[in-house]
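Asker: Protein chains in written order, with the numbering used here: chain S, 2 to 724; chain H, 2 to 724.
Honestly, the hints are just simulated from the structure, not real lab data.
Source: prediction; values computed, not measured.
Even glycine gets a Cβ: it sits at the ideal position worked out from N, Cα and C.
Heads up, a few of these hints could be off.
Pulled a few chain H residues facing chain S out of the computed Cβ check, cut under 7 Å [stated by the list, open to error]:
1) 6
2) 7
3) 52
4) 176
5) 205
6) 255
7) 512
8) 607
9) 693
10) 695
11) 696
12) 698
13) 700
Which residues of chain H face chain S? A few of them, derived with a C-beta cut under 10 Å, are [unchecked claim]:
14) 150
15) 298
16) 589
17) 612
18) 623
19) 638
There are 2 protein chains.
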Amino acid sequence: AVPEVVAMQSEAGAAGAIHGALQSGALATTFTSSQGLLLMIPNMYKIAGELTPTVFHVAARTVATHALSIFGDHSDVMATRATGFALLASGSVQEAHDMALIAHAATLGTRVPFLHFFDGFRTSHEVMKIEEIDDERIRTLVPLELVRQHRERALTPDRPVVRGTAQNPDVFFQAREASNPFYDACPALVQDVMDRFAAITGRAYHLFDYHGDPDAERVVVLMGSGAEAAHECVDALCGRGEKVGVLRVRLYRPFDARAFLSALPPSVRAIAVLDRTKEPGAAGEPLYLDVVSALTESTHQDNPRFERIPRVIGGRYGLSGKEFTPAMVKAAFDNLETRKPKTHFTVGIRDDVTHTSLEYDTGFETEPEGGFRALFYGLGSDGTVGANKNSIKIIGEETSFHVQGYFVYDSKKAGSTTLSYLRFGETPIRSTYLFQKAHFVACHHPGFLEQQDVLERALDDAVFLLNTNVHPDRVWESLPRVAQEHIVRKRLRVHVIDAFRVARDAGMGTRINTIMQTCFFAISGVLPRDEAMDCIKRSIEKTYGIKGGAIVSMNHAAVDSTLAALHEVHVPERVESRRELAPVVDARAPEFVQNVTAPIIACLGDDLPVSRMPCDGTFPVGTSRWEKRNIASEIPIWDPQVCIQCGKCAVVCPHAAIRSKVYAPESLANAPDHFQSREVQGKDFKELGEAWRYTIQVAPEDCTGCGICVEICPARSKEVVRH
Amino acid sequence: AVPEVVAMQSEAGAAGAIHGALQSGALATTFTSSQGLLLMIPNMYKIAGELTPTVFHVAARTVATHALSIFGDHSDVMATRATGFALLASGSVQEAHDMALIAHAATLGTRVPFLHFFDGFRTSHEVMKIEEIDDERIRTLVPLELVRQHRERALTPDRPVVRGTAQNPDVFFQAREASNPFYDACPALVQDVMDRFAAITGRAYHLFDYHGDPDAERVVVLMGSGAEAAHECVDALCGRGEKVGVLRVRLYRPFDARAFLSALPPSVRAIAVLDRTKEPGAAGEPLYLDVVSALTESTHQDNPRFERIPRVIGGRYGLSGKEFTPAMVKAAFDNLETRKPKTHFTVGIRDDVTHTSLEYDTGFETEPEGGFRALFYGLGSDGTVGANKNSIKIIGEETSFHVQGYFVYDSKKAGSTTLSYLRFGETPIRSTYLFQKAHFVACHHPGFLEQQDVLERALDDAVFLLNTNVHPDRVWESLPRVAQEHIVRKRLRVHVIDAFRVARDAGMGTRINTIMQTCFFAISGVLPRDEAMDCIKRSIEKTYGIKGGAIVSMNHAAVDSTLAALHEVHVPERVESRRELAPVVDARAPEFVQNVTAPIIACLGDDLPVSRMPCDGTFPVGTSRWEKRNIASEIPIWDPQVCIQCGKCAVVCPHAAIRSKVYAPESLANAPDHFQSREVQGKDFKELGEAWRYTIQVAPEDCTGCGICVEICPARSKEVVRH
């Protein structure tokens, strides 16, 4: 059966609709995040209270507070933990695939509805090679008998019952407790489904999965994608002989304290519970409180798991997609070793206000041996991200490599920097964080080199690919000092291509994605070059086949001409350039812009300490005028002679980078010689006299080079020239 | 300034509107409950994140789960505890008045928004004599300087700032932690406001208020109105030499663990934390988790408060307005004394499914000496509740007595039983529960005596007032056996009045409220009779003066004629009646109706154990046909001779208690002699032939005697006669 997909106007409506669908006996699911999930809360209480099997899949994302954020943490999921839904966490793309099935199978057996969550962006947007479960195996895990029972509980005139009544104080409490057996039974039923899942897929999961030294003394407890980074850190520390481990929470609700305790090694002395959420004013974050309670209660059991109850420390990490690295996990472990561990700490930021943050060693890395990492600087909407997703697919399908792709772009979307982080390797990839150093760095837009330290993350002997219209012989001298320094010191191999020219010549306009992808395969050595070219061409056929043979041929030709246009740059032995990076903002910018806005623009926002941030989300206005992006590779130039002074270009410019002005001739008194103007035309200005002037001015630093002004110009007065 | 009051379409809209009003610099507040509060959650995160002072006043009510309920518990408030709002609890009407001011004063100082809550119905609907705070004292507590600061943070074109932006992973986490100082400072600022409040009112509050033995070994921790019952229980147990106490939580968020620990006597060995909410699948209820965390963390402090950390037990009580009595508090204390205390218990119900419930001694009472308690059985919409509120007002204003009124009516509203619980006395009333035994019982509707054990709650020597149309000399023989038994055994003094006749004679129709109120004052002895009559008359002038002298005179006359119509009944020494209470439902009713519906109808729903309740709120249909309320004191009788067969009466009857039928004459074959019918009229039935019959039949057990059928009847064919 093909499921019916219905788009609702709001998540409140979606929750109501799914409540209704479930009551009619349908197998129904929904997907949401953040505020959307909050709107579902009222219906979630009802759905759970009525013991209705369903699964809500949630890419866990930040709830808006002092600011909105589209990125990932568990604040939305935690806001639902009182509803009576089971909460099941996934930490990777493979797990999200697996737990989705486990949740759907378990909910039918337990009648407790499930919220299955995985980290927004970090997991929801990661590209990863996974093992798919086919329909046949899915079927074996979901007994039709349970589906039949669900359907029989449906509201139908054929077997009428009344549900959704009002109750008074006399019976409500008793009725509320009548659902206890379902919650009591839920964890064991979930484990049973997990066991059956393991039997058909070979992937074994448990309510709580411990990894690390069997005699660990220090353990971190967490859920979601952070557990993968912790896993990597634990492996590294155990390799050094440290007695550490990570306990990964999968079934967070119902919280099975017994299973939790059994999963912990009895040797544990200290535990750091890491919550990816913040509840201001709470005695502690949610998972922390549960762990404290489970351990405290264990001391009163007949055979207590621990002779002496381990010390429990709570911490916050990764709010709104803040990086969470093995170095931060190590900081949590190190904290547990101190005489007075810091509790209710934060990690990943510098809190110089209430001093909650742990120091961490940014040099601590746990990237597995033999992995290959490639970093791409692209411009929003230039096709870089799409091409990289395609490259991952090629490598994932054509080799035995594990692959991972993660893409960072800010919420300015089109026209701002995109960063593509690609990992390949023989060993499974658990690195749920951005890598620090890459074997391959590509800069798809030459402007970035002027603004950022693009090569800072290049490893020694890495390959650097630059798209530039500078002749290969003159590329070296065109580089700023910092880039030359990296290249010389790290012995980088530098390749250049004028991708815009190749694209134009191939009839592809400004679409450089196929060309840059070809360069990557040609020089990275991830695949043998010929094999790689074949793969790209087959992929072009798959992608563009539907658009006709001409488009395919054009792309095929572009691949071939790319190789001819790709040049290695001879690197001298000494740094020669004296050109520094352009200042991020003008020196005249006000203090706030210098201290806060500028580091954010420079991609150094992570380094901003708490004291620099407004406490309530209030920012000064007028800061964007200091952010000159300079991203247009071509800008319009006004030609006063053909201009009909219609002013349309100024109206349509999406970035307000074109202004038209009518002014008295005296204003030109001190104008530079090359300042262009012309007598104003149009009957509205007749009364001013013919001496009045008209100018259209383009702000090159704000123009994105989108070309809409040229398209709209009735006189085609603006000739597009290189910037 | 007179505040502007705006009614919004939904609570989501109200929350958005208040968010906007606050951002414009207004002092703004809103009020809600239950699902309404859930709809406010998204805006609450924003309001708190932006550190915007406001207070939401919440009559805490159950969130709908397996069933909706309009009654009180903390499930709605707990659903907001992640938002960053401060949560401040009140336990009585006086406290709700006081904390409202404290919250408004504190929020301006702390910039943390407040949710001030008090128990829905138990506190929000209780009538209580309180000390009001005048505007002058309110003003001293709210410094204008803080108001000015709030206004200066407003969004205005005069001082533009940008607020409500989007943030990326680089800075969100830091910005989120930037509000920590405000939350850290909040508890001390609240205590400061409480101290200033005490200075101007004499009523001292603390973040946590302890009451009981200074060397208590067992303590209950709770918040809301239940703390009043616990206070009473603690006084009683301390009087017996038990070392117990109650810790009342006032500021629940931010949770000040230090203040919590300081408030606990160091002698405490065991603590029962009582939550008025249930979170299925949680490791424990919210307050319990906080207390466990606070105590566990205290062991790591430099000077730990406790040599040995007290044992903490969690329990649930009072869901959806379930009674919470000193006997239940005692059960919680007793549980702490057992070798293996039951944890995550329930109290107030009998859980025979998962066996969470504590036994409690229903005979344990802590009503203070010298109090007077009066119980009134009324019919929804008959004016009993209103009259009793008026009586409370009279007694509260005319005497030094503390007074309390609480009214129980089920969600059927008009036509079902209302119970008025009135307490008066010289000592302050902390009894936030229904009393078990009354000094005065009034039955405003004789039908109740046939259905319920009305006098079960009469104390020995109590006064019983009955409204009946039976002649005083024949009242005794008209009583069912169980009523006679109570009267004889407890030596009750029985007074009767035919209030409907007095009302009719006085021209007041069926409004018996003034008459019954007069009787109460005449025979209860709460006030001297003459003084009481004066008070009632003055109150009539106040209430009806606006409607003109005639109405006032009519009511005054009714008061006088009431005294003449009030008779004491001679009570024989022996029970003579053999008449039993009518069965609640017909013996032929199905098992579910016998086992579940019938006890609910009989007001014995509190005794239903968990096993009798459907686990998911699903009930069989067709149960209401077994609930025959028999509440009409007069019913319409059909007169076939004058009826024009328009059928309007059957259409308008709100309870579908009138049916009209056209049928073939053969159907009358076995009809009893007195069955009335007539040849059908109307052109639509011509073709049937004149022999076809027409009958209008009234179902006396379902009729409520509302009289709409008579009003609508074009032929006035239905003469209203006594039932």
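Asker: All hints, please: hold or fail.
Answerer: To see whether the hints hold, each was checked on the structure:
1. Interface restraint check for residue 6/H: the shortest CB-CB distance to chain S comes to about 25 Å, outside 7 Å, so the restraint is violated.
2. Taking 7 Å as the C-beta contact cut-off toward chain S, the hint placing residue 7/H at the interface is violated, the least distance being around 22 Å.
3. Taking 7 Å as the C-beta contact cut-off toward chain S, the hint placing residue 52/H at the interface holds, the least distance being around 4 Å.
4. A cut of 7 Å between beta carbons decides the hint on residue 176/H: the least distance to chain S is about 4 Å, and the hint holds.
5. For residue 205/H, the interface hint is violated, since its Cβ never comes within 7 Å of a Cβ in chain S; the closest pair sits about 23 Å apart.
6. With a cut of 7 Å, the hint placing residue 255/H at the interface with chain S holds, because the nearest CB-to-CB distance is about 3 Å.
7. Restraint check, residue 512/H versus chain S: the minimum CB separation of about 27 Å is more than 7 Å; hint violated.
8. Interface restraint check for residue 607/H: the shortest CB-CB distance to chain S comes to about 5 Å, inside 7 Å, so the restraint holds.
9. Evaluation of the residue 693/H hint against chain S yields a violated restraint, the C-beta minimum of about 32 Å exceeding 7 Å.
10. Hint on residue 695/H is violated. Least Cβ distance to chain S is approximately 32 Å, over the 7 Å limit.
11. Hint status for residue 696/H: violated, given a least beta-carbon distance of 30 Å to chain S, over 7 Å.
12. Restraint check, residue 698/H versus chain S: the minimum CB separation of about 26 Å is more than 7 Å; hint violated.
13. Against a cut-off of 7 Å between C-beta atoms, the interface hint on residue 700/H is violated, since the closest Cβ of chain S lies about 22 Å away.
14. With a least beta-carbon distance of about 12 Å to chain S, the hint placing residue 150/H at the interface is violated under the 10 Å criterion.
15. Using the Cβ-Cβ criterion of 10 Å, the hint placing residue 298/H at the interface with chain S is satisfied: the shortest such distance is roughly 7 Å.
16. The interface hint given for residue 589/H is violated, since its Cβ lies 20 Å from the closest Cβ of chain S, which is over the 10 Å cut-off.
17. Interface hint at residue 612/H: satisfied, since its Cβ lies 8 Å from the closest Cβ of chain S, which is below the 10 Å cut-off.
18. The interface hint given for residue 623/H holds, since its Cβ lies 8 Å from the closest Cβ of chain S, which is under the 10 Å cut-off.
19. Interface restraint check: residue 638/H against chain S, minimum CB-CB distance 34 Å, threshold 10 Å, status violated.
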